[in-house]
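Q: Now for the letters of each chain:
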Amino acid sequence: MTSAMFLILIVEDDPGLRAILRTLLQAWPYRVVEASTGERGVIEARSHRPDLMIVDLGLPDCDGATVIREVRKFSPVPILVLSARAMEVEKIAALDAGADDYVTKPFSAPELLARVRAALRRATRGTDRLPLLRFGPVTVDLTARTTLGPDSNLHLTPLEYRVLECLARSAGMIVTQQQLIREAWGPERIGDARGVRSYIKTLRQKLEPDPRRPRFLITEAGVGYRLQLQEEPADK
Amino acid sequence: MAESERGDPDQLLAAVQRDEARARRGRLKVFFGASAGVGKTYSMLEAARTARAAGADIVVGYVEPHGRVETERLLEGLEQLPFLEVRYRGITRREFDLDAALKRAPSTLLVDELAHSNIVEGEPRPRHAKRWQDVDELLDAGINVWTTLNVQHLESLNDVVTGITGVRQQETIPDRIFDEANEIELIDLPPEELLDRLKAGKVYLSGQVATAVDRFFRKPNLLALREMALRRTADRVDAAARAYAGDERSSRASLARDRFLIAVALDDQAEQLVRVGKRFADALDAEWLVVSVETPDMLKLGEEARNLRINVLRLAESLGAQTVTLDGPSAAIALIEYARLRAVTRIVIGERKRRGWRALLRPSTATELVRRGRGFDVSVIARREAPREPQRPDRVARPRPVRWERYWAALLISLLCTGVDALLYPYFELTNLVMVYLLGATIAAWRLGRGPASLTAVVNVLAFDFFFVAPRFSFAVSDLQYLITFAVMLGVTLAIATLVSNVRAQTRVAGARERRTALLYAMSRELTATRSVENLARVAIKHVAETFTGQAVVLTPDASGRLRSPRGTPSPASLRGADLSVAQWVFDNGRPAGLGTDTLPAAAAQYQPLKGTSLTLGVLAVRPTQRRRLQLPEQQHLLETFAGQIALAIERARLAEEAEAARVTAETETLRNTLLASISHDLRTPLAVIAGASSALNDPELSLDSEARGRLTATIESTTQEMTRLISNVLDLMRFEAGEVKLHLDWHTIDDLVGTALVRLDGVLQGHQIDINLPDNLPAVFVDAPLVTQVLANLLENAAKHTPAGTQIDISAGLEGQLVRVVIDDNGPGLPPGDAERLFAKFQRGRGERGAGGAGLGLTICRAIVAAHGGEIKAMARPAGGARFVFTLPTVEPGS
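In order, the protein sequence lines correspond to chains A and D.
The first sequence maps to residues 9 to 244 in the working numbering.
The second sequence maps to residues 252 to 1147 in the working numbering.
Hints were generated in silico from the structure; no laboratory data involved.
Errors might be hidden in some of the hints.
Derived pair list, reagent style DSSO-like, types lysine-lysine, alpha-carbon separation capped at 27 Å [claimed, not checked]: (1) D:1052 - A:113; (2) D:280 - D:453; (3) A:113 - D:993; (4) D:793 - D:993.
It should be emphasised that the depicted structure is a prediction, and the values quoted were computed from it without experimental measurement.
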């Protein structure tokens, strides 16, 4: 699917910011439709059925989580939220309500676009084969459950594979701890944050070239984890 | 010592305030007459009807027709307020309803019988004891009042009228009400016509016995009363003329103003003297003082005498005198000293007849005054022959029970003396033996009091006579000179005993007085050391309750001006159950009420307003265990003084609170202004960069190659990032200072936090070497992740900005007890010289900062965040060179 076939709905009240988002996305190129209030946004979502929504959490008429919940009643469309720096609580509430990822204002264009792409990728991947994960010199094949790298002793446990898989399915997107636990350990297990952390730590030690300065397995403290991979050429 | 009263600024201010108050006050018109029956009520109603016909809002507040037909006829057509039904002892009377009048608030209200006493014990209870007080309240509320009054009702003329008519007038009004009335209309009726009307039954006389009526309504009486009424009205005209002529005369007079001192003893003449004093003072427009001297004799007087004193002093106060109570061994000396102190020009004293030998021994006070009082005129007022029986103060025996043991002790002393003398007899002359008896009698006088001492003296004499004077063992006396010895011994003993008991009584009184003064002083001192209003109230209550032997409470208003009971634990001295409605009245009207006053005198406690310089601050309520306590004018004065002190203290506390609030506001203002100044400066520079770069890119005339364009756009990007960091810092700091930051605490590992920070600062840290050294087994910390990430980011950014490219930055951490210690080192130029603590203050910029921005707030925020977590942050120089920043974070949940 070429990017020009994707329709992105922008729900943003500030006209300046709306203009920038429009310019950025159309330059990619994506098709763009806009709404300036949350209410309008829900209506547009219903009528246009976009492939992705960008929702600003600071909307005047209702808070972002409400919009997300409304949309989630009828659509699984990937939703990216724009949050201001001090809005930690609202951001997490939005993710809990069903948002898929977030971008903090002021944002950098490459970062925003990367997250848009990651979200669209996940939506279209479906049951496709998972690609190979390249961690610098180390490569991981999730489907075959093997690793390739200079260190022949590198070995990942099944649970570690599952964790990686969960992260890889949402490559480039934030995965909350709860999500990770649910997918890797199963829905009955309710979070022990420390357990997850130790797994991530181990994975870092095994996969990252410099485990102390992770480039791929990123922790976003208080929110979750993000697997930041090198871009695949097939995306453009 | 006489003060010049011209142009005294306080007086002028008081005068201005009086004028203002007067302008707001209602106007009082008095229909004045010589006696009942001259037609005052009639004239008043006629005038009211005329006014009503002209359209005035005039309402009848209280007029009792008492069955007079003409009166009833006049009342028709006028709006009348309903009577207040007051039940008292099974009888229902119709009285004036003050609250209904205040509610109706007409332009003018008619209230008959100004001197009437309200039924204080009735149900419902009237607010004031006297109708003139009701009228006073109406006037304060801005309602004009018309009323009626007879000349005999004037307080200062009361005794004169009684003297003329032989009938004692019970209901009186203070002269000031009459003097301050706006208009007096004299209703004059020749006595013959009045007597005719009386015979025709047209005069209503309330509850007076027929004989009394006959005595009153005799032509000479009526003539005299008529003359008094005329004269009094004329006096008013004269006074008005004088006032109109300006203050010239009074200011001239003030320099040579007379000041009278009326000395009252506790006899039947006291009241007369007070009234005389009032007339003197009025006639000469002088100040007058009424002084009562408590000599040791007075102290022995009974309850009735004390009552008399209270009444006399209260009368004096109500007539406008200052009252003073002095004490001392001699009335004359005390009076003269006080008169000198107060620059009195004339002393007025009553005649005091001492009978018989007493007059020889001790001259009367009047005589003493005349002799010693150089510089004063002394007027001795002869006793008026009052037709009722003179009330002599009863020299009742002291209420103390007879102490029999002292009498036995007295006898014992005599016995001892006799015994000693018996031993000495063979060796000494009789003259010396007498000394032993004298000594014994002196000791008895000193220790046992007058009665037992007298007994000792007598027994001593008898014993001396019997045992030692020849012929021994008989009561005969051979040498008559011993009679003199006996007499002298007896006399000396009695004199000493009297002296001792006098001194003791005086000491007691002086001690009591001194104690009261000391209490006032103690309270004042403690008040000055107290800050908050609640504490002030507590201190005040403690002292007031102690001084007046009872309970007290200080009531302060809430935001809406309603008094509330104080919160907080009551002390034993607190008065609970104070009547808030009475207190509210006191607060609103600024006048005292309750026990000992004329307003609601049946209340259990007295309520004093606490008046500050511009408004009433609260109410002090005092309930003494002995009701009578507060009725003494001096106790009343003392309470008012206490109230004044408390009010001042409360005002001071309030002003201090306001000053503090103003200071805080000013400080906040200053901080905000500094912040704004700093931000505006620090934002302008990056804005300028962005403006320049973006406008260059937009400029069609400028031809930039792609490299140049690339540089400009890169500059715009990095500058906006800097501005973002600056604004974040400022906003964070402002939120912290406003107390709006709530920590969302959770468990995180240091490496996660460091990692997040590093990702955020990726661009800034390029060109620096970052070395991370975090032990594996480091426990998680219980922190607010975004905030601690901010700390790390700020510290790293700091390190990057203050060190040249290529500098190494080390991040390490370790466990220290229950804390994790995080260290950020660099090997750059190190900290600027001076106190490292300064770096954490607001708006401190380091040395050699590359690029503007940050506003010097980064470290301040770090400290605020770390402190909010209960940790510490410090900066120090590394021994090997470079800077080190260390901070601690908790590994346990707070409270566990």
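Q: Which numbered hints turn out to be false for this structure?
A: Per hint list: single violation, 4.
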